[in-house]
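Could you put the whole structure together from the sequences, leaning on the hints where they help?
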Amino acid sequence: MEEIVADELRETFKTGRTRSVAWRKNQLNALLDLVIENEESIFKALHRDLGKDPVESYRDEIGVILKSARYSLSCLDKWVAPKKAELPLLFFPAKGDVLPEPLGVVLIFSSWNFPISLLLDPLIGAISAGNAVLLKPSELAPACLSFLVQNIPLYLDNKAIKIIDGRSEVGEKLLKLKWDKIFFTGSPRVGSLVMAAAARYLTPVTLELGGKCPAIVDTLSSPSKTKVAAKRIVGGKWAPCTGQACIAIDYLLVEEKLAPTLIEVLKKTIKKFYGENIKDLKNISRIVNKHHFQRLHNLLKDPHVAASVVYGGSVNEEKLVIEPTILLDPPLDSEIMTEEIFGPLLPIITLKNLEESIEFINSKPKPLVIYAFTEDEAFKERILSKTSSGTVTFNDSMVQFLCDALPFGGVGQSGFGRYHGKYSFDTFSHEKAVLHRAFFPELEPRYPPWNDFKLRFIRLAYMFDYLGLILLLLGLKKP
Amino acid sequence: MEEEKQTFDADKAAVLVNELRETFSSGKTKSYEWRTSQLESISKMIDEKEKEIIEAVHKDLSKPELEAFVSEISMTKSSCKLALKVLKSWMMPEKVETSIATYPSSAEIVSEPLGVVLVLSTWNFPFLLSLDPVIGAIAAGNVVVLKPSEIAPATSTLLAKLLVEYADESAIRVVEGAVAETSALLEQKWDKIFFTGGARVGRIVMAAAAKHLTPVTLELGGKCPAVVDSNVNLQVTARRIISGKWACNNGQACIGVDYIITTKEFAPKLIDALRSVLEEFFGKDPMESKDRSRIINSFHFMRLINLLDEDKVSDKIVAGGQRNESQLQIAPTILLDVPEDSLMMQEEIFGPLLPIITVEKLEDSFNMINRKQKPLAAYLFSDDEQIKRKFVQNVFAGGIAINDTVLQITVPGLPFGGVGESGMGSYHGKYSFDAFSHKKAVLYRSFGGEAPTRYPPYTPGKQKQMKALLSGNLFNIILALLGWFKD
Chain F
1 MEEIVADELR ETFKTGRTRS VAWRKNQLNA LLDLVIENEE SIFKALHRDL GKDPVESYRD
61 EIGVILKSAR YSLSCLDKWV APKKAELPLL FFPAKGDVLP EPLGVVLIFS SWNFPISLLL
121 DPLIGAISAG NAVLLKPSEL APACLSFLVQ NIPLYLDNKA IKIIDGRSEV GEKLLKLKWD
181 KIFFTGSPRV GSLVMAAAAR YLTPVTLELG GKCPAIVDTL SSPSKTKVAA KRIVGGKWAP
241 CTGQACIAID YLLVEEKLAP TLIEVLKKTI KKFYGENIKD LKNISRIVNK HHFQRLHNLL
301 KDPHVAASVV YGGSVNEEKL VIEPTILLDP PLDSEIMTEE IFGPLLPIIT LKNLEESIEF
361 INSKPKPLVI YAFTEDEAFK ERILSKTSSG TVTFNDSMVQ FLCDALPFGG VGQSGFGRYH
421 GKYSFDTFSH EKAVLHRAFF PELEPRYPPW NDFKLRFIRL AYMFDYLGLI LLLLGLKKP
Chain D
1 MEEEKQTFDA DKAAVLVNEL RETFSSGKTK SYEWRTSQLE SISKMIDEKE KEIIEAVHKD
61 LSKPELEAFV SEISMTKSSC KLALKVLKSW MMPEKVETSI ATYPSSAEIV SEPLGVVLVL
121 STWNFPFLLS LDPVIGAIAA GNVVVLKPSE IAPATSTLLA KLLVEYADES AIRVVEGAVA
181 ETSALLEQKW DKIFFTGGAR VGRIVMAAAA KHLTPVTLEL GGKCPAVVDS NVNLQVTARR
241 IISGKWACNN GQACIGVDYI ITTKEFAPKL IDALRSVLEE FFGKDPMESK DRSRIINSFH
301 FMRLINLLDE DKVSDKIVAG GQRNESQLQI APTILLDVPE DSLMMQEEIF GPLLPIITVE
361 KLEDSFNMIN RKQKPLAAYL FSDDEQIKRK FVQNVFAGGI AINDTVLQIT VPGLPFGGVG
421 ESGMGSYHGK YSFDAFSHKK AVLYRSFGGE APTRYPPYTP GKQKQMKALL SGNLFNIILA
481 LLGWFKD
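So the sequence lines, in the order shown, correspond to chains F and D. Quick note: the first sequence uses the working numbering, first residue 1, plus one each step. Quick note: the second sequence uses the working numbering, first residue 1, plus one each step.
Keep in mind that a hint or two might mislead.
What the hints assert, rightly or not - Each computed DSSO-like pair below joins lysine-lysine, with the alpha-carbon atoms no more than 30 Å apart:
no., chain 1, residue 1, chain 2, residue 2
1, F, K290, F, K272
2, D, K390, F, K364
3, F, K83, D, K390
4, D, K390, F, K25
5, D, K95, F, K83
6, D, K88, F, K422
Rather than coming from a laboratory, the hints here were simulated on the basis of the structure. None of the values given here were measured: they were computed from a predicted structure.
Structure (structure tokens):
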């Protein structure tokens with residue numbers, strides 16, 4: 001069945017239909033209609049799957065897609081145009097271009113935490129670049145999956161953009177087929193399997209993976225700034241899907257003496273945003289399913305970890321809710337500090353000197369984002385030059401995601417490849433080099449039989465020593 | 001007494017990688033000074049050892065001096081010089097625009113080295129294809145392990161010797177060897193692997209890289225077609241085709257012309273022109289000419305003979321066909337209309353055999369090419385603007401050259417790389433620097449510009465504001481903040 005779908009997409013791509021700019025714009029507009037006309041249904045589905053509030057859903061899912069699609073529409077003509085390349089004078093008269101062309105039939109896997117935007121945002125890139133697409137959404141967000149399976153065929157070109165329903169076995173079957181590109185969002189473990197499968201067909205891949213995104217928190221010059229920082233930290237931990245986000249803040253690094261103040265401010269902020277306790281919890285998503293609930297609950301069950309809880313810790317298994325929880329210095333070898341948390345637990349690690357944060361971060365795999373709240377310009381420089389991550393954001397969280405001009409992607413264990421804005425277009429394109437030459441003039445020394453004169457000529461040519469070349473041709477140059 | 005050769009196994013490879021990782025962690029290779037000092041030293045090495053390099057390449061391939069000078073010495077030297085000239089600008093962060101949604105903020109993209117990189121090279125341009133990627137890796141601030149091809153042993157040994165002499169050994173190392181050594185290296189965790197070679201090994205490299213989530217650039221091969229129209233300057237066309245076939249390592253080049261497609265009508269004229277220019281370039285008896293590389297070894301010689309002697313192929317020879325096993329040489333051979341299902345038309349030839357396939361209409365060639373795997377390069381010789389446009393738009397390939405061959409890879413402003421079976425990723429010029437860099441996104445925010453819209457408790461009013469903010473429309477944002485936005 002999967003093979004039939006892939007074959008159909010390939011047939012459609014061969015017809016050349018998806019290459020026309022009109023088709024691409026048409027599909028992007030149809031996608032906008034799909035989202036705008038079904039906003040309420042999307043809110044409902046996201047609430048069913050993850051307990052997301054409409055504002056969260058709009059901010060993280062619907063708004064992102066509308067923005068991306070509109071941006072692509074406004075830039076598409078520019079993006080598809082060939083880019084001129086500079087040619088050395090020696091080639092004159094000649095013209096060089098870099099021309100983007102679609103890769104062909106692409107496969108997009110998305111994850112369950114942002115089930116709408118993590119599927120449709122790459123789709124926008126694939127369509128903009130002129131490809132045929134198969135979408136494989138995560139089955140762990142079933143209401144969203146249903147919504148998408150029902151509506152994608154209603155709005156988009158059925159022969160060129162298809163969506164496939166199913167569990168992970170379907171994903172495995174798809175990976176046995178040949179694709180011209182695979183775009184994967186998910187865990188490093190599965191990312192590695194995807195890449196290994198892609199290797200069989202030499203299929204290029206973009207892997208958007210995860211990691212432990214740290215936030216370094218420095219002492220700030222005023223309490224009001226600390227308040228703002230606290231809001232942004234809370235907004236970077238619990239606001240995106242209750243911490244189930246690849247770019248969510250995973251843990252904090254602070255100086256010992258700052259910890260008590262920071263914890264107090266964080267507690268106040270949490271209460272203000274989300275309610276006083278687990279019974280009154282609002283404006284926050286829930287854990288996606290029992291499996292992840294158990295996983296997170298187990299992190300807290302380690303007695304040393306449980307002992308480090310300074311706020312929260314309560315759970316409601318029936319509702320799949322864990323309240324925003326802060327931990328102070330859980331053991332560094334506990335699972336909560338070695339694995340990506342992906343949930344509403346925030347460890348705060350204290351250091352004698354904040355400089356140590358750099359070494360601490362470097363002792364772990366490269367994360368998708370490093371956050372740092374500091375006013376120390378020199379410290380910012382050191383963080384930038386001495387650590388490595390997909391992105392670095394200073395004095396805020398999450399918002400880098402909205403910047404279309406910034407590439408969004410990982411490095412090392414957090415992945416490779418990138419998208420957003422033009423990078424989405426590029427990630428689904430091949431940049432084809434094109435050289436146009438004329439029949440004249442002809443450079444004799446290019447051709448055999450070889451002799452000394454030709455060798456002298458070529459030496460000068462490679463140094464772009466045009467004067468020398470002229471002298472040589474006039475018989476005036478000495479070797 | 002013969003010294004026992006120590007095997008380079010996975011343990012040794014792990015030790016090597018650890019050493020290099022320590023060098024990288026020290027931060028030494030990130031400085032502009034270190035990078036330029038290495039590039040200058042390599043540039044000096046190419047100048048001072050030109051003769052030895054040409055000799056080694058001649059030993060491995062019988063490559064004529066001028067060809068070696070152009071394809072191995074000059075191109076490598078140019079890469080080095082270009083990097084030295086513009087490295088400062090390549091290393092500078094790129095400022096980018098931020099949107100109103102994150103106002104006030106500033107953003108930039110910072111290039112940083114990936115870390116410890118592995119360059120696996122091949123035998124046909126053994127010096128260039130080893131050093132060119134290494135130059136890119138150094139320019140981007142990485143530490144490098146180079147594994148040259150054992151099939152070009154003189155060049156491999158020379159590279160090992162020269163890089164010890166000229167390069168910083170704590171950061172740049174050469175590992176010589178064959179399959180065992182390559183496997184040992186591939187077991188390690190690298191921050192990037194750059195591979196030049198065939199698709200079969202390319203798959204193995206990518207599968208090994210997958211274990212560690214290592215990004216790869218694969219420069220592979222393919223059957224590069226040259227489509228020839230009837231309205232061309234025949235003399236120049238023939239010369240440029242021959243230049244991109246037999247004068248380019250005797251056909252053993254990934255971007256060399258693999259086969260030709262032309263109309264039934266034009267084929268005889270083209271064959272005549274090719275024959276006459278072949279004589280001009282290589283003399284009446286091409287087997288006597290010193291101006292062509294030899295076939296690299298017996299294995300490839302036999303492989304090519306098998307392609308040539310296949311049933312229904314051997315009777316299609318219209319020029320050449322002579323062979324000399326002891327000299328590892330095959331004459332420039334042209335064949336007309338070998339069957340589509342022959343080995344010669346199924347595999348990359350990588351040798352001095354040139355099949356010409358004829359079609360009724362020239363445009364039939366486009367589909368023929370697209371039915372095969374995407375090649376590294378596709379060539380068109382034509383004077384018709386419409387045909388050129390259609391070819392460029394519709395033929396899938398790594399790169400395209402119109403009215404010439406091979407030269408597209410000498411332009412630093414053009415990316416050199418494949419697509420599909422011919423590879424992934426690209427290099428040359430700034431693309432080399434980029435291939436070995438991570439482009440880190442950096443966003444700077446201040447503590448002002450707080451939008452309460454961002455935070456709970458969420459209200460319908462906030463929802464409206466959120467929409468306005470994300471729409472990027474300044475007017476709407478003002479209205480929203482004043483409570484007047486209607487969605």
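Inset, instruction - For the pair supplied as a hint, K290/F and K272/F, confirm whether the alpha-carbon distance does not exceed 30 Å. - result: 28 Å, holds
Inset, instruction - Would you check the hint for K88/D and K422/F, treating anything up to 30 Å between C-alpha atoms as holding? - result: Holds: K88/D and K422/F sit about 25 Å apart, inside 30 Å.
Inset, instruction - For the pair supplied as a hint, K83/F and K390/D, confirm whether the alpha-carbon distance does not exceed 30 Å. - result: 18 Å, holds
Legend entry - Straight-line alpha-carbon gap K390/D to K364/F, limit 30 Å: 51 Å, violated
Legend entry - Distance restraint between K95/D and K83/F, which requires alpha-carbon spacing of 30 Å or less: 20 Å, holds
Legend entry - Pairwise hint evaluation, K25/F against K390/D, where the allowed Cα distance is 30 Å at most: Holds, at roughly 22 Å.
Of the hints listed earlier, the one the structure fails to meet is number 2.
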